[in-house]
Amino acid sequence: MTIVYEDRGDEAAEVPVRRIKFTINGQKKIAEVEPRLLLSHLIRRGVGLTGTHMGCDTTNCGACTVLVDGRPVKSCTMLAVQVDGREVTTVEGLSGPSELHPLQEGFKQEHGLQCGFCTPGMMMAAKALLDQNPDPTEDEVRWALSGNLCRCTGYQNIVKSVLWAADKLRSQAG
Amino acid sequence: MYPSRFRYEAPRSIDEAISLLHEGGDEAKVLAGGQSLVPLMKLRFASPELVVDINNLPGLDYHREDADGTIRIGALCRHADLERSALLKSKQPVMAAAAPLIADPIVRNRGTLVGSLCHADPQGDWASVVTALGGFVVARGPAGRRRIGIDDFVTGPFQNALEPDEIAVEAVIPAPKGALAGGYLKLERRVGDFATVGVAVAVETSAGTVTRAGIALTGVGGATINAAEAAQALVGQPLSEQSIEAAADLAAQAARPRTDHRGSAEYKRHMVRTFVVRILNANGDGSAAADGAGGDEDSAERAA
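In the order they appear, the protein sequences are chains W and C.
Following numbering that gives the first Met the number 0, the numbering of the first sequence begins with 0 at its first residue and continues without gaps.
Following numbering that gives the first Met the number 0, the numbering of the second sequence begins with 0 at its first residue and continues without gaps.
Just so you know, the hints here were simulated from the structure itself, not pulled from any lab data.
As the structure is a computational prediction, the values presented were derived from the model and not from experiment.
Any given hint might turn out to be false.
Said to hold, decoys possible - Quick list of simulated restraints, FRET-style, between CB atoms:
hint, chain 1, residue 1, chain 2, residue 2, range
1, C, Arg4, W, Gln171, 46 to 54 Å
2, C, Pro237, W, Cys55, 44 to 52 Å
3, W, Gln155, C, His269, 30 to 38 Å
Said to hold, decoys possible - In the DSS-like style, the derived pairs of lysine-lysine whose C-alpha atoms are separated by at most 30 Å in a straight line are:
hint, chain 1, residue 1, chain 2, residue 2
4, W, Lys20, C, Lys176
5, W, Lys107, W, Lys20
6, W, Lys28, C, Lys41
7, C, Lys41, W, Lys27
We treat Cβ as the ideally placed atom computed from N, Cα and C, and that holds for glycine.
Just chain W, same shape as in the assembly (with noise of 0.2 Å):
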């Protein structure tokens, strides 16, 4: 990733950059980041994945969720540099090469999005949900999805695609 930076003189030599070394998707990567680059930055324009969707940038909307360390957390709060050595798994890392993740299968089957701007935090806060609870209650699903905002569905079908999900993963776990 090449950042551009101002000519100030001196200053400009002074620009802290830190190498990092984290996982993304499965894949090892490097990159030299400023402190200040944030990880929704890092993911969309250094790594080029730009499923993960930058939508109010004052984590209340939960389009830019992804998973540090399979916890869902919101990228545009939290430091590029604060993810060296661990794994980020984004939306893209749900499919396998040919086959869609029963949770993107889930939102087509029961038309869980509309304009699908939420879509992507949507499914990284119900992975991490149906990885430590596989067979959730509607209820649980709500409670876990109350961090991401979606303006266009009134959530139902997103509820019954996250319930749809959950039961094909259950099926094919046996």
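Keeping the supplied structure of chain W fixed, place chain C upon it in accordance with the hints.
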């Protein structure tokens, strides 16, 4: 939005963190969960020159109970850890009620109780809970450790009693001297919003008599309000309808609400009263919910 430029350090020991803070002086900030600090930095309300990230410090992510019943919460214990805690569910009803009401589930994965106390937002929930429970903060600095009572720790809106080179390493909740009951109720417009009104109530009872009580209020003043007079109205007698009503009235009087987009001052004051009654009736006397604290979908009800 980007924060302004800063130097970033991620020390591996508390001593190293303290010496970095010492070096940075007033211009240094500790980064723990970052769920308040990072948004403030992005809005440029905070522009520290040095950010000392304590997330790599070992051994601070605990919450545990000492043999005597004291509960200790380390600086890196996340809200989500407390939400899922079996210890709090069995021993600490006030904290167990509050944990699921902090911010939203994703923010709870990062944010910390100790960080919330340090941030000292008048609308922070944990400061009220720790106030009602008579807790304190343990700080470490170049001169060693010291404990700071929660009333002295929060010195004003967004201000705490820490020296620039001190780190709050844990919050401590003293062991109850009798049976502990109480809860935290929060009225919010939607999940993740700040409290329109929050009320924390803790009651310790021995042989049917209340031996200690704490009541603290969130969002109805320029800082967390310790409604000590209201709490005192419960002490020295069994809980009764009269004492509960008296405490609720005094708590409502202690509130200093302002009319804003979340509600009128009158409404907020009324909710303080309602919440005190509701918490004490729900479990304060050890019996099942007697009044209103079960049943509907209002998020505030989940705490009871």
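> Does the alpha-carbon distance linking lysine 28/W and lysine 41/C stay inside the 30 Å limit?
Replying inline: holds, 26 Å
>> Tell me if the beta carbons of glutamine 155/W and histidine 269/C are separated by a distance inside 30 to 38 Å.
In response: Given a distance of about 33 Å, which is inside 30 to 38 Å, the answer is holds.
> Is the hinted pair lysine 20/W and lysine 176/C satisfied, with a Cα-Cα distance of at most 30 Å?
Replying inline: Violated: lysine 20/W and lysine 176/C sit about 50 Å apart, past 30 Å.
> Given the hint that lysine 41/C pairs with lysine 27/W, does the C-alpha gap stay at or below 30 Å?
Replying inline: holds, 28 Å
> Regarding the pair lysine 107/W and lysine 20/W, is the alpha-carbon distance no greater than 30 Å?
Replying inline: violated, 35 Å
> Taking 46 to 54 Å as the hint, is the beta-carbon distance of arginine 4/C and glutamine 171/W inside that range?
Replying inline: Roughly 48 Å apart at Cβ, these two residues keep to the hinted range, so it holds.
>> A range of 44 to 52 Å was offered for this pair. Does it hold for the Cβ distance of proline 237/C and cysteine 55/W?
In response: holds, 50 Å
Hints 4, 5 from the earlier list are contradicted by this structure; the remaining hints agree with it.
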